[in-house]
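In order, the protein sequences belong to chains V and D. Residue 20 is where the first sequence starts when you use the numbering used here, and the numbers rise one by one after that. Residue 20 is where the second sequence starts when you use the numbering used here, and the numbers rise one by one after that.
These are computed hints drawn from the structure, not numbers from a lab. Among these hints, one or two may not hold up.
One copy or two, it doesn't matter: identical chains are merged, so the pair holds either way.
Simulated pairs of lysine to aspartate or glutamate, EDC-like, Cα-Cα distance not exceeding 16 Å [said to hold, decoys possible]: (1) Lys-73 x Asp-33; (2) Lys-157 x Asp-32; (3) Lys-159 x Asp-70; (4) Lys-98 x Glu-67; (5) Lys-157 x Asp-70; (6) Lys-159 x Asp-81; (7) Lys-159 x Asp-41; (8) Lys-98 x Asp-161; (9) Lys-73 x Glu-31; (10) Lys-73 x Glu-160.
There are 2 protein chains.
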Amino acid sequence: MATNVTQCIYCEDDGGSLLYRDALLRVVLTDEPFTGFCRVIWNEHITEFSDLLKEERYHCVDVLSVTEMILREILMPIKINIASLGNVTPHLHWHVIPRFADDTHFPQPIWGVAQRLTQARRLPAQFGDQFAVTMNAKMKEDNQK
Amino acid sequence: MATNVTQCIYCEDDGGSLLYRDALLRVVLTDEPFTGFCRVIWNEHITEFSDLLKEERYHCVDVLSVTEMILREILMPIKINIASLGNVTPHLHWHVIPRFADDTHFPQPIWGVAQRLTQARRLPAQFGDQFAVTMNAKMKEDNQK
Numbered sequence: 020m021a022t023n024v025t026q027c028i029y030c031e032d033d034g035g036s037l038l039y040r041d042a043l044l045r046v047v048l049t050d051e052p053f054t055g056f057c058r059v060i061w062n063e064h065i066t067e068f069s070d071l072l073k074e075e076r077y078h079c080v081d082v083l084s085v086t087e088m089i090l091r092e093i094l095m096p097i098k099i100n101i102a103s104l105g106n107v108t109p110h111l112h113w114h115v116i117p118r119f120a121d122d123t124h125f126p127q128p129i130w131g132v133a134q135r136l137t138q139a140r141r142l143p144a145q146f147g148d149q150f151a152v153t154m155n156a157k158m159k160e161d162n163q164k
Numbered sequence: 020m021a022t023n024v025t026q027c028i029y030c031e032d033d034g035g036s037l038l039y040r041d042a043l044l045r046v047v048l049t050d051e052p053f054t055g056f057c058r059v060i061w062n063e064h065i066t067e068f069s070d071l072l073k074e075e076r077y078h079c080v081d082v083l084s085v086t087e088m089i090l091r092e093i094l095m096p097i098k099i100n101i102a103s104l105g106n107v108t109p110h111l112h113w114h115v116i117p118r119f120a121d122d123t124h125f126p127q128p129i130w131g132v133a134q135r136l137t138q139a140r141r142l143p144a145q146f147g148d149q150f151a152v153t154m155n156a157k158m159k160e161d162n163q164k
């Protein structure tokens with residue numbers, strides 16, 4: 020059962036600029052200072068990845084994987100970082116972070132010590148639309164397999 | 020095809036104390052100063068999660084999920100952190116980190132600024148055996164579903 024938890028930012032709000040949503044989860048573009056930093060946020064207030072049922076787990080990682088793939092195609096980062104932490108907000112969400120050799124923290128994790136001062140790249144003007152169209156197409160294609 | 024990449028620590032070595040291994044991946048206990056910090060390491064030198072085929076992806080997250088579940092059962096952490104970074108070692112591996120309210124960094128990510136000085140907890144004496152037995156049983160159970 021979906022429970023709305025008071026004072027949970029991911030129960031109260033989308034958590035970013037919506038790129039994709041279905042019955043179980045959503046993908047948002049965050050306003051973090053890293054180019055194309057997205058989050059895959061489970062709609063229901065669940066704490067740990069291992070709390071998901073098998074079908075939910077598979078759906079979650081299908082979307083994670085496609086999100087990563089789209090970010091690679093559009094932004095051509097040197098690496099993708101994925102993380103589910105939730106120490107402050109224990110509502111299942113995955114950070115999907117394109118990394119660039121010249122970003123502020125590379126090769127450190129973005130939570131580590133900054134290595135240099137650089138501006139985040141500007142996203143392509145059609146980033147949101149391109150993401151949404153590709154995600155919908157890939158999820159449809161995936162479901163037909 | 021599995022390729023052995025020179026100077027990749029996860030091609031050259033298990034990467035920790037082996038808890039579980041199958042044809043596709045292994046789970047190791049690391050020597051990081053966080054109680055029960057494990058890694059799920061893909062055997063083949065693959066860089067990104069989205070490079071996996073669907074069946075591989077599902078197997079990977081089944082093992083991730085069971086690893087998390089076992090760590091929760093044995094260690095009762097306040098939270099589990101999962102991350103696939105690989106900026107320094109771009110060979111697919113997942114950090115699975117039990118977090119405790121009094122660990123050195125909580126609620127910060129372990130890559131952030133330390134919050135206090137504390138010793139990692141001592142693992143139960145039978146931790147490795149208990150992990151291996153439970154993992155094998157759960158994977159077998161899972162495959163029969």
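Quick rundown of the hints versus the structure:
In this homomeric assembly, Lys-73 and Asp-33 never come within 16 Å of each other (Cα to Cα): the closest approach is 24 Å inside a single copy and 28 Å across copies. For the identical chains of this complex, Lys-157 and Asp-32 are neighbours neither inside a copy (26 Å) nor across copies (36 Å), given an alpha-carbon limit of 16 Å. Within a single copy, Lys-159 and Asp-70 get their C-alpha atoms no closer than 26 Å, and across copies no closer than 19 Å, so neither meets the 16 Å cut-off. For the identical chains of this complex, Lys-98 and Glu-67 are inter-copy neighbours only, at 8 Å across copies versus 25 Å inside a copy, given an alpha-carbon limit of 16 Å.
In this assembly of identical chains, the alpha carbons of Lys-157 and Asp-70 lie at most 16 Å apart only when taken from different copies (15 Å versus 26 Å within one copy). Taking the shortest alpha-carbon separations for Lys-159 and Asp-81, only the intra-copy value of 11 Å comes in at or below 16 Å, while the best inter-copy value is 23 Å. In this assembly of identical chains, Lys-159 and Asp-41 lie within 16 Å of each other by CA distance solely inside one copy; the values are 12 Å within and 32 Å between copies. In this homomeric assembly, Lys-98 and Asp-161 never come within 16 Å of each other (Cα to Cα): the closest approach is 24 Å inside a single copy and 32 Å across copies.
Proximity of Lys-73 and Glu-31 under a CA criterion of 16 Å is satisfied in neither setting, with 26 Å inside one chain copy and 33 Å between copies. Taking identical chains as interchangeable, the C-alpha atoms of Lys-73 and Glu-160 lie at most 16 Å apart only when they sit on different chains, with a minimum of 13 Å there against 20 Å within one chain.
Comparing the model with each numbered hint stated earlier shows that hints 1, 2, 3, 8 and 9 do not hold.
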